[in-house]
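Asker: The residues making up each chain are set out below.
Number of protein chains: 2
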Amino acid sequence: MPKARPAIPRKTRIQTQNEELILAAALEVFSVHGFRGSTVDQIARTCGLSKPNLLYYFRRKEDIYVALLEHTLSDWLEPLRALDAAGDPLEELSRYIRVKIRLSRDNPKASRLFANEILHGAPMIGKFLKGPLKDLVDEKAAIIAGWIGEGRLAALDPHHLIFAIWATTQHYADFDVQVNAVLGSPQGLMATAENTLITLLVDGLRPR
Amino acid sequence: MPKARPAIPRKTRIQTQNEELILAAALEVFSVHGFRGSTVDQIARTCGLSKPNLLYYFRRKEDIYVALLEHTLSDWLEPLRALDAAGDPLEELSRYIRVKIRLSRDNPKASRLFANEILHGAPMIGKFLKGPLKDLVDEKAAIIAGWIGEGRLAALDPHHLIFAIWATTQHYADFDVQVNAVLGSPQGLMATAENTLITLLVDGLRPR
DNA sequence: TCCGCTCTTGACCATCTGATCAAGAATTAA
DNA sequence: TTAATTCTTGATCAGATGGTCAAGAGCGGA
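Top to bottom, those sequences are chains A and B.
Oh and the first sequence: position 69 is 69 in the working numbering, straight run, nothing missing.
Oh and the second sequence: position 87 is 87 in the working numbering, straight run, nothing missing.
In case anyone wonders, no lab produced these hints; they're calculated from the structure.
Be careful, since some hints might not be right.
The list makes no distinction among identical chains, and a pair is therefore deemed to hold if it is satisfied within one copy or across any two copies.
Unchecked claim - The list that follows gives simulated cross-link-like pairs (lysine-lysine, DSS-like), each with its CA atoms no further than 30 angstroms apart:
#, residue 1, residue 2
1, K127, K61
2, K11, K109
3, K11, K61
4, K130, K51
5, K134, K11
6, K134, K109
7, K134, K61
8, K134, K51
9, K109, K61
10, K11, K127
Between the sequences and the hints, there should be enough to build the whole structure, so can you do that?
Answerer: Encoded structure:
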């Protein structure tokens with residue numbers, strides 16, 4: 001009886017290990033220089049592999065980039081997914097803002113990676129934006145609209161409210177350099193930012 | 001008497017004309033692909049000049065980029081400069097938000113140009129951010145702090161308030177692709193965005 | 001018209017960069 | 001141990017790209 005070759009070949013220990021190494025290095029490089037501004041050699045050096053060796057795992061530069069985007073996309077949406085129709089509107093949204101701003105603080109590189117991709121017209125994840133992302137946002141916007149209908153939230157366009165939350169929170173990761181330049185020193189930056197945003201947005205959200 | 005050669009040579013008609021042509025094309029190209037992602041040839045083709053001819057006016061690619069940034073920077077700050085301590089706080093800030101969002105709508109390319117530059121660490125305009133920009137923001141933050149001290153505005157960190165305004169308004173230019181993907185169709189987009197932001201932010205700003 | 005200066009361009013160069021390949025080293029399963 | 005498979009790399013290539021140069025075309029003042 002011939003040995004059954006698995007249709008989907010199992011990954012070697014070395015394979016998974018090196019792929020992780022490469023993706024970590026790629027995040028480091030792509031988040032700073034963007035797709036076009038990064039070189040395969042740069043990524044290879046960052047993770048200590050030779051260029052041909054790196055290209056053994058990902059045949060094209062673009063493959064690394066796409067894999068990296070897919071690898072981080074779902075984490076990025078998790079907080080919004082958690083928005084619960086059964087919860088208290090202001091508490092749910094406060095929590096969302098808080099989680100979002102902390103995600104930006106703890107993982108600014110992923111934020112900048114997406115910012116770069118979208119700023120350049122989302123050539124790789126355009127379909128994702130129009131599909132899964134739009135679906136999720138529409139779903140959560142409906143929840144918010146429901147809250148507004150019940151008079152538990154100020155009457156605001158739900159989609160634009162979500163944009164406002166995205167914009168304000170990600171600003172601290174994406175435009176980090178500008179924020180630090182203007183503030184002079186980054187001391188206690190994120191705590192103040194968080195409080196200011198919660199106060200500003202949540203007070204703007206109270207029903208009246 | 002020898003003819004006095006002007007220390008600063010006057011610009012030829014052709015010179016000014018072509019420089020404008022080049023800067024317009026450069027904005028077109030740089031705002032989409034960023035500095036590294038754009039090629040001199042692309043810019044040259046966009047404005048109908050040959051590559052060497054373009055490089056006759058700007059010797060290096062970087063020179064075009066810097067000239068373009070300087071050319072648009074001051075326009076970009078004008079609305080903030082107009083914030084008037086003598087005016088009514090809520091009206092002044094409403095006006096600022098409105099002007100800012102319209103600027104993003106009417107000149108998204110400039111917005112994306114800056115976004116790109118800052119996202120990549122502001123290698124060219126770092127000094128500008130720490131100098132003139134910081135000075136202006138500090139000055140206007142002081143005005144806002146004054147208003148808060150008089151109890152005419154909610155108690156918010158002025159700097160972070162300004163960041164929130166920047167973030168929300170520029171979002172529509174910088175992440176244009178994502179906004180359109182999520183909304184489906186861009187009809188009446190900006191009007192709704194403007195109303196939502198004014199309502200959200202200004203209500204969050206009311207003193208209590 | 002004439003002359004000097006500005007403007008324009010085809011040809012060219014050096015470098016960078018994504019990608020390939022063949023051949024050898026390391027690993028794994030039997 | 002052995003043989004098959006996976007992994008690694010030096011050498012190399014083709015195309016893209018920023019930038020140069022010399023020579024000619026065009027323009028404007030006298």
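Asker: Compare the structure with each hint and give your call.
Answerer: These are the hints, each one checked on the structure:
Within a single copy, K127 and K61 get their C-alpha atoms as close as 20 angstroms, which meets the 30 angstroms cut-off; across copies the closest is 33 angstroms, which misses it. Within a single copy, K11 and K109 get their C-alpha atoms as close as 27 angstroms, which meets the 30 angstroms cut-off; across copies the closest is 45 angstroms, which misses it. Taking the shortest Cα distances, K11 and K61 sit within 30 angstroms of each other inside one copy (21 angstroms), while across copies they are farther apart (45 angstroms). Proximity of K130 to K51 under the C-alpha cut-off of 30 angstroms is found in neither arrangement, the shortest distances being 35 angstroms within a copy and 38 angstroms between copies.
Neither within a single protomer nor between protomers do K134 and K11 lie at most 30 angstroms apart by alpha-carbon distance, with minima of 33 angstroms and 52 angstroms respectively. Taking the shortest alpha-carbon separations for K134 and K109, both the intra-copy value of 23 angstroms and the inter-copy value of 24 angstroms come in at or below 30 angstroms. Taking the closest pair of Cα atoms, K134 and K61 come within 30 angstroms of each other only inside a single copy of the chain (28 angstroms); across copies the shortest separation is 38 angstroms, beyond that limit. Within a single copy, K134 and K51 get their C-alpha atoms no closer than 37 angstroms, and across copies no closer than 42 angstroms, so neither meets the 30 angstroms cut-off.
For the identical chains of this complex, K109 and K61 are neighbours both inside a copy (19 angstroms) and across copies (28 angstroms), given an alpha-carbon limit of 30 angstroms. Within a single copy, K11 and K127 get their C-alpha atoms as close as 28 angstroms, which meets the 30 angstroms cut-off; across copies the closest is 49 angstroms, which misses it.
The structure does not agree with the numbered hints 4, 5, 8 stated previously, though it agrees with the rest.
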